[in-house]
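Here is how the chains run, residue by residue.
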Amino acid sequence: MYSLLVGNVYNIDNWKTQIKKGYLELCILTLIATRGKFYGLEIIDELRQLNLDIKEGTLYPLLNRMTKDELLKANWVTENTSGHPRKFYALSSAGKAVVKNMDEEFEDMNSLYKKIKKGNK
Amino acid sequence: MTTQPELENYLVRLERSLGSIAISEKAEIITEIKSHVLEAVERDSTQSIQNVLRSLGEPEQVASKYLLERGLRPQKPSKSPIVKWLIIGFLGTVGMCLLTFGVLIWKFTPLIQVNEEKGRVVLLGGLIDINEEKGSIKVGETYVEHNKSSRQVRGKTGLGKNIDQINIKFSNGKIKFSNSLNEEIRWDCRTDSDNYNDVNIDFEDKLVKIDFEKMAGIKCDIEIPKRINKLTANGLNGKIDFEQPNYDLLVKMANGKIGFQPDNNTNYKYEFKVLNGKIDDFTSSESPDSKLIIIELTNGKIEKIVRR
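Read top to bottom, the protein sequences are chains A and B.
Note that our numbering has the first sequence beginning at 1, numbered continuously upward.
Note that our numbering has the second sequence beginning at 1, numbered continuously upward.
Derived from the structure by calculation, the hints contain no laboratory data.
The structure displayed is predicted, hence computed values, not measured ones.
Be aware that one or more of the hints could be misleading.
To be verified - The calculated EDC-like cross-link candidates involving lysine to aspartate or glutamate, where the alpha carbons are at most 20 Å apart (straight line), are: (1) B:K34 with A:D45; (2) A:K55 with B:D129; (3) A:K68 with B:E32; (4) A:K37 with B:E32; (5) B:K26 with A:D69; (6) B:K65 with A:D69.
As the list claims (entries may be wrong) - Counterexamples of contact, computed for chain A against chain B with all Cβ distances above 12 Å: (7) Y39; (8) L47; (9) L52; (10) L62; (11) N64; (12) K68; (13) S93; (14) D103; (15) G119.
Glycine is no exception: its CB is placed at the ideal position from the N, C-alpha and C atoms.
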């Protein structure tokens, strides 16, 4: 059975990594939904401003997979002639439906958690 | 636009580590990472490319995340050149050893061939050839076969009252031990060796050591006094015959043939070890007065000589 115990100390970082995986996916999709389109560095900046630290080496593979799963659609845009191209991400129609489902699921989980917490007081 | 070598190097490593991802998708990933680095540096002029790359993580780790996200197995990290050369060196050495071993097996196969009728024993694919019919022993290219030009080496030594053990050493040759009628050890040898005077005799408390090792290819008749309790013989290759010994015997030889003619009036307890080869039928006695006959031979034959 999987254990988060390292030696005799409970490793909270491992737990965070586990719970963050789905949560991060939801946050990225929701963020993109709010403004319509984002490129990678913008997503990192926005999330960091909200104190949600995400590593570049984690974000890009995640965006790549969600694009492959057709939740996102990507477009290369070169905004000026001397600059480099940026890859902008937007939600696909399938992505929009998935985000809606994810949001509902997350809200249900959150309210259940709050109920449990309240009952314990 | 020129690109920093560090960035190029990073992208090359990333591309190599992306494994089975389709080439067009790899190109897309590389372009996006490159775009990210340039954008980050452009936005913050205090940021160096090295810092941005460090923040991204090692290219192999980033690639493994791309692969894991797609349910693909990340590539094993490539071995450092030192480890690579160590592995190549190790495998090379093992290969050479196997090759050498194979050649030796091929060269020395069969290990032993015995022709009972002609009394011939051929060892190690012909390296040692003992031919009773011709009366010759061949070790490598050297024949222990003496002609008129061979030197005769004769000697004898008396034994003090305390001496009851004899230790004999030789390298290659043919030696016959028989019983002496008097109190002396006598040897009558022929050799082609230039070291014909090099018979070394050494007395210890109850022991006399006679060393023929420096004479290659000897053919000797050695007479052993009857009152001796123990004879030890150590040799490399050849043939040794024991004629009706009345003493304990310890013989160690690598390759060859050892003939043993029992005395009908003496009991013997035999302990024979032959790694590759044959042993004739000997009947061991459990009588307490039995003479202990220990013979250890690596390759060859222990033969029973029957008195006619």
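Checklist line | Hints breached by this structure | finding: 2, 7, 10, 11, 12
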